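Enquirer: Listed below are the residues making up each chain.
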Amino acid sequence: MALIDIKNLTFGYGAKGPAVLKGLNLSIESGERLAILGGNGSGKTTLAHWIAGWLPRPAMEASQGEVLARGKAWPEWNALDRAATVQFVGQIPMQQLSGFAFTVYDEIVFGPGNLGLSADEIRTRADWAIDICNLRHLVYRDPFTLSGGEQQRLSIAAALVMNPKALVLDEPTGNFDPESRDNLLEQIKGLPRDLTIILFDMALKPALAVAERFVLLDDGGIVADGLPEEVIQHPAAIDMFGLPAVTEAALLIRESGKFPGKARLPLTFDQAVRLFGGVPAC
Amino acid sequence: MIGQGGPNSGRTLLFVPGRSVLHRINPLTKLVGLLWLAATTFMLPPAGMAAVALAAIIFGVLAGAGATFVKRLILTLLPLTIALFVVHGVLIDRGDMVDHGLISVSPEGLKYMFGIVVRVAALLTVSLLFVTTTHPAILLKALDSHGISPGIAYLIASPLLLLEPFSVRARAIRDAQQARGLDLNGRWVARAKAFPALLIPLVTLALSDLDQRASVLDGRAFRARPFRTVLDAPLDRPWETWARRLLLVAIPVQIGVVLWL
Chain C
1245 MALIDIKNLT FGYGAKGPAV LKGLNLSIES GERLAILGGN GSGKTTLAHW
1295 IAGWLPRPAM EASQGEVLAR GKAWPEWNAL DRAATVQFVG QIPMQQLSGF
1345 AFTVYDEIVF GPGNLGLSAD EIRTRADWAI DICNLRHLVY RDPFTLSGGE
1395 QQRLSIAAAL VMNPKALVLD EPTGNFDPES RDNLLEQIKG LPRDLTIILF
1445 DMALKPALAV AERFVLLDDG GIVADGLPEE VIQHPAAIDM FGLPAVTEAA
1495 LLIRESGKFP GKARLPLTFD QAVRLFGGVP AC
Chain S
17 MIGQGGPNSG RTLLFVPGRS VLHRINPLTK LVGLLWLAAT TFMLPPAGMA
67 AVALAAIIFG VLAGAGATFV KRLILTLLPL TIALFVVHGV LIDRGDMVDH
117 GLISVSPEGL KYMFGIVVRV AALLTVSLLF VTTTHPAILL KALDSHGISP
167 GIAYLIASPL LLLEPFSVRA RAIRDAQQAR GLDLNGRWVA RAKAFPALLI
217 PLVTLALSDL DQRASVLDGR AFRARPFRTV LDAPLDRPWE TWARRLLLVA
267 IPVQIGVVLW L
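Each protein sequence line maps, in turn, to chains C and S. Add 1244 to the 1-based position in the first sequence for my numbering, that's all there is to it. Add 16 to the 1-based position in the second sequence for my numbering, that's all there is to it.
Just chain S, same shape as in the assembly (with noise of 0.2 angstroms):
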């Protein structure tokens, strides 16, 4: 079928193409059940946020992700642990301070950590099974068939659309500067130095692009009509429908009670 070939785009996505049930789940379903995870979080003690972010991995490795989610996790989580272990567990003192010999490390602290930690944890988790389970150029079809304005769902997909345009610029900016004598491999005083000479064209250009693309747009009658119409537009089970109502039902009241209790 001619029109869902994203899974083929060779752009710097974290989608990973698949057939499991969460990729084949409409988007709009997993994009509420994210928002619905994420209010969820919130309410949970830590060891609930361990294992939605359990869980989370679990799926993401039986939808074929597993090495996207741990290269991602590891990246992300690591610098804050470490960070928040030296600021909460042993900078902060608590009263509570118990010596290892080395250093001094607050427990209250190091339960406060691993708190934040496991929510951030819990929250990266589930949104990375979102994105590298949700294509969004078919986020884009499911919203733009469900009557959402074209300009949100616009705003929503431009970022990652024109994530390899900008990229491409941005190498042809760094070649450039560095073809004119920028030294970008010397020491990191040199590099702090040159980095408004790459940052300011990359802006400009970027400022002058969206201009011209406002005309493009515009020339193709974009946001002239309230809706658009889609070709292929993912396919949506009626059970999917009562689920998201349900789940934004549920967002609001689990917020309240968090906010009431």
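One chain only, chain C, in its complex shape (with noise of 0.2 angstroms):
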């Protein structure tokens, strides 16, 4: 049984709005590391809401098709359990701050709190998930005084804290610096292995940092679905992306060895003036 089934799912905001998500269909086995990348207003936050479970109740009831949880629509969950299975990150640090802690420590034991663990259980869990994500020189501070940066980190300890079997990282990386961007995709791909990721993106190169199947998103719907050297050969790649992005990311791909195969066509002009010695007279 797959971790998260999508069957036909059609959903707008309201009764009259238009439809955000049209008949999509996508299914996502445990342990898998998914990048869903589209653009501006494709449906990329409206899926990942769906996907966590994050809509009230009668957004979700409002909508044609289902989402199914290890087989189990999502209103049918209960809170403990849906906490227990998947976990969500948005796109604002600041908005996934509990507001119930004072200090960065606090606000990681926040959530297992709540699931009524044992205080011992809790500091393993808590001890874990900060070296993880590499805030133990942070514990004291108060998580509203953190950088953005540190903050996100801050957001995927208490995410981790729950022991969720899939983690929802909506553009986790949006707002950051190059270097800051590195370093928190360096800390995701460390993450444990049988944890699903699925990441929504609107930037090739975090996708190809942490997943290992992309698929396109574009006005509500599933343009392409697989390996990410097949997905980025889809027309509507360029479109998305632009070509330089994707240029960039076959390059990474093809220094990974998977892509385009042994060929030796350039991909960039530094390329093309090494492979022919010099620039082709016209």
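Simulated from the structure, these hints should not be mistaken for laboratory data. Don't take every hint at face value.
Partner residues aside, some chain S positions facing chain C, computed with beta carbon under 7 angstroms [said to hold, decoys possible]:
id	residue
1	Leu177
2	Ala240
3	Pro242
Using C-beta positions, here's what the derived DEER-type ranges look like [to be verified]:
id	chain 1	residue 1	chain 2	residue 2	range
4	S	Leu221	C	Gly1258	15 to 23 angstroms
5	C	Pro1300	S	Leu215	51 to 59 angstroms
6	S	Leu221	C	Asp1421	20 to 28 angstroms
None of the values given here were measured: they were computed from a predicted structure. For glycine and all other residues, C-beta sits at the position ideal for the given N, C-alpha and C.
Join the two chains, each given in its own frame, into one complex according to the hints.
Expert: Written out as structure tokens, the structure reads:
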């Protein structure tokens, strides 16, 4: 049974609102590392909320189709089981804080405290999440005084400490400078292998760093689904990300030995110069 | 010990870190004591209320919160005293006006004014004593560890907990509106006109944040169980439990006596 199974989902905000997701079908297995990519307005955040079960029950019930988590629709789940199944980390780090804690440590242990775990179990889980997200030096700090990158790491730690089966990340590096982005992506990449990661993004680089399967989302529907080297060859990929970004992605994939096989076609101008021994005469 | 770092918080709180006896008393004992003193002030004559206020100030100074006390008392009591003096001492004629040259003052009005001022001072100083010696995080843990519903604990603590993000948001809106040409440095009429442009986005965004925060809390299983597990709960000595019980009995008795007599 798939961890998340989306069947023919059509959804819009409000009774008369336009459909944001249109007849969408998607299946996500346990342990998968998946990137769902799309431009602004493609329906990424709405889909992320659906996968994480974050939409209000009336909104879910007003939709067509269904989203099943381990074979059961979200409205049938209780809060405890849902929290232990999927955790969501959104785009704006400050909005991910519970507002219930004066220190980073208290923010991390807030969720497990709600689960009614023993104090020892909570401490063990918190220590694990703190180390994974490199927060040890920040445990006494006020969460609201951290930088955006630190807050995002805290959000991920607060999600991981719930010991979920899947982590949904909605553009987690959207507001980061390249160095902070790469650091966070390294940490996401290093998360336990049995944890399902569903990354939503509009850029190829974070997806390449984390995911083994790409899904292209456009206008509320899936236009491509497959291995990264397959999906970036889809015509929609160039429309969505632009030629330079797709070229860079192809280059990175080729460096990893996957694409485009053994072909010697140049991907960049510099490569062409090296390959042909100079600038070809016109 | 990790998890007790509240006092290191950088937020705009009235709490003053310290190791005084008052700091070490369980927050619930202090909270019940505060309620009892508030109920008591309605039984005492003005001199008794003044004594309560004075005692609270002395305890505040001993707890290291003297500066906070003085600042807050001046800011709150001075305008109130002036207003009450004008209304009850000068404007309301009780038939006992004494002429002092420039103004005529009613001694009866002044006595009435004094009664109100010392009552407010007593309530204010004991409240200050509580907030300056109790960090909200510790209060929250005390509430949780005594089986208070997480929802009620959140209701009590959230105004303090969300002070900082709300201030940050307010400053960001002010800066953004100023960058768009909003005049916040002109005459008071211009400032008053500018006020809605600051208030409306602040309220709208706060409401939108509420929705988001509700989802975050839901995602972390908040209120999924009636009680939360608390790490490093504040110490609660047996004598404090008995003191709280005694005071909780005393409060309705005192109110009853005041209403009956």
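Enquirer: The structure should be examined with respect to each hint, and the outcome stated for every one.
Expert: Hints, one by one, checked against the model:
{"no.": "1", "hint": "Leu177", "verdict": "5 angstroms, holds"}
{"no.": "2", "hint": "Ala240", "verdict": "4 angstroms, holds"}
{"no.": "3", "hint": "Pro242", "verdict": "9 angstroms, violated"}
{"no.": "4", "hint": "S:Leu221 <-> C:Gly1258: 15 to 23 angstroms", "verdict": "21 angstroms, holds"}
{"no.": "5", "hint": "C:Pro1300 <-> S:Leu215: 51 to 59 angstroms", "verdict": "28 angstroms, violated"}
{"no.": "6", "hint": "S:Leu221 <-> C:Asp1421: 20 to 28 angstroms", "verdict": "25 angstroms, holds"}
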